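Asker: My request is simple: use the sequences and hints to build the entire structure.
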Amino acid sequence: MTPRGRLDRLRGWVILCVVAVGALSTLTMPGAASVIGGLCGIAAIVGRLRPLSRSSWRAVNLSVLVGCAIVAIATTHQIEAGLVLVGWLQVHRSFTGRSPADDRVAILLSLLHLLAACIQSISGWLAPLFLAFAGLVPLCMVLVHLVESAPEAYDPTAGPPPGPGGLWSIGPVTVALTVALFFGLPRLQASGLGSRGNQVGLGDQVELGDLGDLKDNPTRALRATIRNASGDLLTGPFYFRGTVFDHFADNRWTSTLRGESARASSGRLDHPELQIQEIILEPLRDGVVVGLPGVIRIEFDNPRRAQRDLNGVWRRPGQPQRLGYTAWSVPPTASARPDPMQFAVTRTEAAALRAGVWTSLPPGLDPRIASLAEQVVSDAGVEGDAA
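For the sequence shown, this note's numbering assigns the number 129 to the initial residue and increments by one for each residue that follows.
A hint or two may mislead.
Here are the in silico distance ranges between beta carbons for each label pair [to be verified]:
1) GLY359 - GLY166: 43 to 51 Å
2) GLU406 - GLY225: 54 to 62 Å
3) VAL174 - ARG134: 50 to 58 Å
4) LEU243 - PRO300: 16 to 24 Å
5) GLY166 - ALA187: 37 to 45 Å
6) ALA304 - GLY195: 49 to 57 Å
7) VAL163 - ALA202: 14 to 22 Å
8) SER191 - GLY359: 54 to 62 Å
Don't read these hints as lab results, they were simulated from the structure. Being a predicted model, the structure only gives us computed values, none of them experimental. We treat Cβ as the ideally placed atom computed from N, Cα and C, and that holds for glycine.
Answerer: Laid out in structure tokens, this is it:
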């Protein structure tokens, strides 16, 4: 094999790795986007491994373009439609084009896959994929340039081969752009990397939903009716959480979550401390739903299940809308409850709360005060007495 042939084969394998990196990045996206990206990536890799196709793809290309345009205009699935279009262009290029110019287009399409994944996903796998992309692209561009400038690659009457130009600046520029895009996109706040203190609580700008919809709607933003496993109504206070800070200890909030996602499925519905919550919730951003800590099940009117993302936030697939749903929670242990009053909560006080009594007294208090409190409660009567 000639030196140019070896370079051409190496170029083919490197561009195949670039296409694979773009396809793998789409697998980090939620829902149908990962399925679309995965199927298109597999088809593109298979196309690169097969002989070059000589058939006409015009009718299929036009059909895909029209279909994606209709879906993007008539529905709310613009991201999925864009992924289908970009993925199809990658597949078409893999089956029909193997020239250096086609390789440059394949690199651009893989970059679009990576950018879409960074916007839609918060997976930690994006960091090594971006680094792999930043390392493969300069090598691929160098090989493309060498193959283009080889004596067998051009017509002698067409003039001298292309010069190196800015070839050696491709690597540093690619790395710089990769770092800027990875840390500059809204999926990560790069400004907080150098801070010494940990952020506690919510920031200055917190948008729960469309303020206009909330102000013009007579329904409350959140209404929750909470009962125990026996059906008795529970009194508060209750602390709903939906952020990564889920544990309060030593006067600060911390996170006990791990880098994994989970679905709300049926758990121990016979648990003695089960809390059943009938919730009406106004539309929140990105389909966020709330529940008491220890959610084991969430049921809507339709079979779509809620899903917890990597930040521990429960979300409902689809567009945000007013929801009426039921959530089942089993509270964590007293030491893990996201409640600033956790050290004052005991099983005795929990039983008193369930009975509607809010008169627990410190053990070291003067016993005469306890007797006076019992007398006041008995004189006032109990719930259910005749008026």
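Asker: Would you mind marking each hint as holding or not holding in the structure?
Answerer: Cross-check of the supplied hints:
no.: 1; hint: GLY359 - GLY166: 43 to 51 Å; result: holds, 46 Å
no.: 2; hint: GLU406 - GLY225: 54 to 62 Å; result: holds, 58 Å
no.: 3; hint: VAL174 - ARG134: 50 to 58 Å; result: violated, 24 Å
no.: 4; hint: LEU243 - PRO300: 16 to 24 Å; result: holds, 20 Å
no.: 5; hint: GLY166 - ALA187: 37 to 45 Å; result: violated, 25 Å
no.: 6; hint: ALA304 - GLY195: 49 to 57 Å; result: violated, 38 Å
no.: 7; hint: VAL163 - ALA202: 14 to 22 Å; result: holds, 21 Å
no.: 8; hint: SER191 - GLY359: 54 to 62 Å; result: holds, 57 Å
The structure shown violates the earlier hints numbered 3, 5 and 6.
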